[in-house]
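All chains, full assembly: derive it from the sequences and hints.
Note that the protein sequences, when read in sequence, are chains F and W. Every position in the first sequence, counted from 1, becomes a number in the working numbering once 10 is added. Every position in the second sequence, counted from 1, becomes a number in the working numbering once 16 is added.
Please note that the accuracy of each hint is not assured.
To be verified - Listed next, the stretches of chain F that the computed footprint assigns to chain W, with coverage defined by at least 3 CB atoms under 8 Å from CB atoms of chain W:
| # | region |
| --- | --- |
| 1 | 25 to 36 |
| 2 | 57 to 65 |
| 3 | 77 to 89 |
| 4 | 187 to 198 |
These aren't lab readings, by the way, just hints derived from the structure by calculation. From the three backbone atoms N, C-alpha and C, an ideal C-beta is built for every residue, glycine too.
As a plain string of letters, each chain reads:
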Amino acid sequence: MNTTFTLGTMHLKNRVLVASGTFGYGNEAAPYTDLSRLGGIVTKSVSWLPRQGNAPTRIAETTAGMLNSIGLANVGIDAFISDKLPFLRALETSIIVNIAASSIDEYVDVMERLESEEGIQGYEINVSCPNVKEGGLNFGTRCDMTESITRELRKRTSRTLIIKLTPNVTHIGDFARACEAEGADAVSLINTLVGMAVNIHTRRPVLSTITGGLSGPAIKPVALAKVFEVHKAVSIPIIGIGGITTWQDAIEFLLVGASAIQVGTASFRDPDAAAKIAAGMEEYCAAHGVSDIQELVGGLRIPEGVAAPGFVKTR
Amino acid sequence: MPVINADLRVTANDLIAEETWTLRFHSPELAAQLRPGQFLNILTSANVDPLLRRPYSISNVVGDECEIMYSLVGKGTHALSQKIPGDTIGVLGPLGNTFGYEKSFGTAIIIAGGIGVAPFPFLTRELQQREIPLITFLGARNSARVVSRGLANLHVATDDGSEGFHGNVIAALSAYLDDHRVENPMIFACGPNPMLKAAQAFALDRGIACELSLESEMACGIGICQGCPVERHQGERKFALVCTEGPCFDSNDILFQEQQHA
Ligand SMILES: Cc1cc2nc3c(=O)[nH]c(=O)nc-3n(C[C@H](O)[C@H](O)[C@H](O)COP(=O)(O)OP(=O)(O)OC[C@H]3O[C@@H](n4cnc5c(N)ncnc54)[C@H](O)[C@@H]3O)c2cc1C
Ligand SMILES: Cc1cc2nc3c(=O)[nH]c(=O)nc-3n(C[C@H](O)[C@H](O)[C@H](O)COP(=O)(O)O)c2cc1C
Ligand code: FES
Chain F
11 MNTTFTLGTM
21 HLKNRVLVAS
31 GTFGYGNEAA
41 PYTDLSRLGG
51 IVTKSVSWLP
61 RQGNAPTRIA
71 ETTAGMLNSI
81 GLANVGIDAF
91 ISDKLPFLRA
101 LETSIIVNIA
111 ASSIDEYVDV
121 MERLESEEGI
131 QGYEINVSCP
141 NVKEGGLNFG
151 TRCDMTESIT
161 RELRKRTSRT
171 LIIKLTPNVT
181 HIGDFARACE
191 AEGADAVSLI
201 NTLVGMAVNI
211 HTRRPVLSTI
221 TGGLSGPAIK
231 PVALAKVFEV
241 HKAVSIPIIG
251 IGGITTWQDA
261 IEFLLVGASA
271 IQVGTASFRD
281 PDAAAKIAAG
291 MEEYCAAHGV
301 SDIQELVGGL
311 RIPEGVAAPG
321 FVKTR
Chain W
17 MPVINADLRV
27 TANDLIAEET
37 WTLRFHSPEL
47 AAQLRPGQFL
57 NILTSANVDP
67 LLRRPYSISN
77 VVGDECEIMY
87 SLVGKGTHAL
97 SQKIPGDTIG
107 VLGPLGNTFG
117 YEKSFGTAII
127 IAGGIGVAPF
137 PFLTRELQQR
147 EIPLITFLGA
157 RNSARVVSRG
167 LANLHVATDD
177 GSEGFHGNVI
187 AALSAYLDDH
197 RVENPMIFAC
207 GPNPMLKAAQ
217 AFALDRGIAC
227 ELSLESEMAC
237 GIGICQGCPV
247 ERHQGERKFA
257 LVCTEGPCFD
267 SNDILFQEQQ
277 HA
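Here's what the structure looks like:
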């Protein structure tokens with residue numbers, strides 16, 4: 011059975027990756043799982059300078075989900091290259107560095123630093139970051155800014171370029187189309203949804219930043235609908251993310267159009283979750299006579315005469 | 017020694033005081049590795065609600081069995097209280113650092129508030145094996161919540177005066193030290209943040225070395241989510257992670273913020 015998948019210039023051994031910010035830099039979870047069973051590791055977002063992150067409280071559990079306001083706490087590009095990359099590089103899995111920045115120049119600088127480093131197969135660009143030059147407006151909520159970032163980065167790398175989309179927009183398909191037009195190899199979605207939790211005893215917001223990002227099983231239906239929408243809009247591969255906890259969840263994402271998936275919050279419950287999901291998908295394929303998992307991608311059977319919802323714009 | 021991430025068999029789950037339980041499970045591997053101050057991240061339910069594991073201090077190790085102590089709070093502890101012998105729970109560990117019981121000091125002063133007593137039966141045993149003198153100050157809401165098992169040289173303080181000293185545990189310790197000489201003491205404290213903050217101020221004022229076992233919201237317990245920071249007093253890095261750099265910290269390293277919930 012073929013589980014491999016080629017994405018841009020990158021060859022993944024299977025279609026299961028671990029999501030940015032939910033697996034550190036790989037080393038922390040290594041004692042709890044076999045990293046070589048993963049298709050790839052997407053690192054915690056890396057920015058030019060180290061970021062300390064937000065004050066506590068950074069985490070709040072919600073019904074079948076969680077909110078976070080980590081604030082992109084990360085070691086910065088220098089320490090990433092000197093302390094984290096050597097471990098990652100030695101692994102038998104693909105390494106995708108997720109980049110966060112507060113200006114287009116910073117995205118470019120971080121990528122250019124990484125271009126001279128070996129052992130990186132791709133980049134995932136976190137556009138869900140405040141743009142300091144635009145008064146803190148999120149890059150990822152403006153199509154023109156998403157487009158500029160993709161264009162500037164595409165010029166500078168032949169490695170696989172993935173743009174990670176935020177669901178906090180009206181028409182996510184338009185953003186995916188902009189990425190495709192500017193030469194992105196793939197889009198990944200979804201990043202977290204804006205959410206909030208309130209402590210009724212203190213009457214305060216639970217998170218120090220008031221709102222945070224919702225993830226986990228609670229967001230899976232939203233993520234599926236977004237992947238479905240983007241699949242109708244573009245022909246580049248889609249990496250599905252959002253609440254994937256079991257291999258059955260992963261198969262659902264493939265059916266609505268994802269070519270690969272990322273496991274996020276589920277790794278907090280079980281650091282071995284992604285490896286188990288990869289194994290479960292293989293068993294499913296074996297049991298159903300699927301010789302190449304690609305057969306499942308976009309394999310959703312919509313009954314004849316049923317039209318896609320109006321907001322879904324077909325390419 | 018291998019880390020453990022497995023479903024383990026519950027051997028006992030008993031109500032030992034008002035809304036306070038101890039749960040034991042079988043794990044020779046963990047029993048051999050765990051040290052006082054460390055914790056385990058426990059999946060209280062196979063369902064995704066509650067979604068996240070809950071961290072629990074290791075309370076004691078008896079033969080091949082490990083014990084945690086918990087008080088009923090919300091979803092996770094409710095699910096735990098339903099476990100009966102023969103059920104399994106998902107356990108990940110050992111996690112975190114240990115109390116600094118191997119440092120050089122004369123007498124250990126243990127300060128425990130509420131369910132913060134959990135790690136101390138294990139520490140007490142370790143200190144006694146090393147023949148290190150210790151005194152324990154235990155604060156509880158009332159007499160029904162006093163959990164004295166596994167502790168030694170115990171001084172109880174209750175908020176309502178129903179047992180021991182009437183008032184908080186730091187006041188009880190302060191009164192004790194006014195009347196007694198304690199050689200080269202070191203404080204080990206665990207409890208709600210207001211108590212830890214008071215312990216920190218007290219230790220600083222008296223010039224006593226002090227370690228605090230801290231809590232924080234945790235999603236992973238292993239350093240992959242960055243969700244459990246505690247603010248540091250000094251140094252280049254503003255935060256330390258409770259799960260991997262703690263839960264035990266030198267009290268002088270920690271900055272308590274007003275907004276941190278109790
Ligand atoms: C390192 C570490 C060790 C711990 N050791 C123990 C232990 O030995 N025994 C024990 O009983 N607990 C311990 N805890 C706390 C424990 O992990 C759970 O938070 C607690 O059992 C409540 O879980 P729950 O699911 O019942 O409540 P939840 O449903 O999570 O919470 C119910 C309500 O209580 C509030 N709450 C939850 N946790 C806390 C908290 N820690 N402080 C203040 N408010 C809170 C929540 O905001 C929520 O509103 C430890 C925590 C840490 C970080
Ligand atoms: C604690 C936490 C930290 C995260 N950090 C990042 C990050 O640094 N960069 C990023 O692009 N996405 C980050 N994410 C988003 C995840 O990669 C993922 O898109 C999202 O959580 C949805 O997937 P899930 O439901 O499987 O977790 C983070 C998510 C969580 C829960
Ligand atoms: S709980 Fe996840 S980093 Fe500490």
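Status of each hint after checking the structure:
1. Check result for the region 25 to 36 of chain F against chain W: holds, 4 residues qualifying (beta carbon to beta carbon below 8 Å, three or more required).
2. Using a Cβ-Cβ cut-off of 8 Å, 3 residues of the region 57 to 65 of chain F lie near chain W, which meets the minimum of three, so the contact claim holds.
3. With a threshold of 8 Å between beta carbons, the proposed coverage of the region 77 to 89 of chain F by chain W holds, since 3 of its residues qualify and at least three are required.
4. Note: the region 187 to 198 of chain F has 0 residues with beta-carbon separation from chain W under 8 Å; the three-residue rule is not met and the coverage is violated.
The structure fails hint 4 only (numbered hints given earlier).
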